[in-house]
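Start from the sequences and build out the full structure, keeping to the hints where you can.
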Amino acid sequence: MRPRRIGIIGRIDPQGTLVDGQTVKTRTLYRCMVEHFGAARICPVDTLRYRHQAVRVSRELVRCLLSCDDIVVLLSNNGRRVFFPLLSLMARVFDKRIYHNLIGGTLADDVAGDPSGRLASYLNSFRVNWVESRSLAARLHDLGVRNASYLPNFKALGDVAVNPSFDRQRPHRLCMFSRVTAVKGVDNAVRAVEAINRTAQSPVVTLDIFGPVDDSYEQEFRALVDRAPSVRYRGRVPAEDSVRTISPYYALIFPTEWIGEGVPGTIIDAMHASVPVVASRWRYYSEMLEDGATGLSYDFDQPALLEETLLRFIALPPETIESMRREIHTRSTAYSVEAVFDQIALTVAQESR
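The sequence shown begins at 1 in our numbering and counts up by one.
Quick caveat, the hints were computed from the structure, so don't treat them as lab data.
Treat the hints loosely; a few may be bogus.
As the list claims (entries may be wrong) - Quick list of simulated restraints, FRET-style, between CB atoms:
no., residue 1, residue 2, range
1, A339, P203, 37 to 47 Å
2, R81, N147, 13 to 23 Å
3, V93, D226, 49 to 59 Å
4, R146, R198, 50 to 60 Å
5, R244, R326, 41 to 51 Å
6, R4, R222, 49 to 59 Å
7, V62, L316, 54 to 64 Å
8, S116, R168, 16 to 26 Å
9, A195, D291, 31 to 41 Å
10, P318, R92, 58 to 68 Å
11, R222, A195, 16 to 26 Å
12, R198, V62, 58 to 68 Å
13, T17, T333, 52 to 62 Å
14, R92, D167, 53 to 63 Å
Using N, Cα and C, we set each Cβ at its ideal position, and we do this for glycine too.
Now the structure itself:
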């Protein structure tokens with residue numbers, strides 16, 4: 001008897017045109033499934049531009065639901081609203097095994113803010129809801145989601161050789177590596193770098209920004225960079241080149257102001273590249289990083305503290321920076337493909353017996 005196919009629903013973008021965290025995670029999981037189970041057994045539903053390509057997505061979805069008993073789902077908040085009602089129905093009525101791999105970190109807020117209880121009901125109809133944070137899993141359990149389970153974010157990355165030494169000459173090179181949008185704290189990062197150099201009356205730090213620019217932010221961002229002599233926009237970088245790209249930098253800065261920040265892929269990039277991180281303490285900061293050990297941090301609600309935190313960081317003695325480079329690299333193992341995908345493959349294989 002031929003084994004049934006396994007579905008995956010999410011923004012796969014197999015051509016690799018998008019490099020945002022959601023797409024990279026989904027595409028990585030799709031490639032891992034193909035490699036592990038074989039391409040013939042995987043039935044993808046690519047939700048990229050699903051509102052504008054409804055016919056294609058509907059066709060792929062029907063094929064997936066008809067041919068697969070096991071379906072892995074990775075959807076953003078908007079995608080969940082569109083697809084969860086049908087997926088929950090298929091789980092309850094037709095005994096489809098749905099494995100939800102969460103995108104983002106706001107699911108508990110969404111459940112708590114749903115007085116109808118429908119979202120929690122959808123989630124409980126699935127076999128598992130994998131979430132990227134232990135505290136998020138615990139909060140979902142408290143809200144009545146019985147099957148929330150911790151599973152870290154992961155990326156398929158090659159490590160660089162750990163080299164604790166670094167270029168001590170000024171200006172110190174800083175980088176950002178994420179979606180380029182206001183909620184990622186780009187304005188604040190540019191302001192902080194320019195203020196440090198202006199006060200010193202010499203170039204103390206520079207900032208290179210990598211990543212796709214949101215369309216709604218493009219004009220504002222270009223004007224911002226044009227006014228900042230110490231800041232450069234370096235364009236998009238393929239996900240597989242992230243570690244090699246950021247490894248020469250003195251530090252990666254992550255001044256996110258997004259309340260929904262989950263377990264960012266850019267922090268995993270920094271771990272593999274052994275680059276310390278200067279970040280705002282977003283909700284799940286302490287599950288990934290440690291102040292003073294992997295870099296420095298500041299209060300999420302006080303973005304103006306970034307400048308002071310950067311000054312404290314560049315004033316650290318070289319041996320402290322070297323220790324941080326070693327420590328952050330040791331944390332990369334927990335977010336590797338080997339550590340995470342094996343759990344997904346094992347769960348699907350066991351459930352489908």
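### Message
Output the indices of the hints that this structure fails to meet, ascending.
### Response
5, 8, 9 and 13
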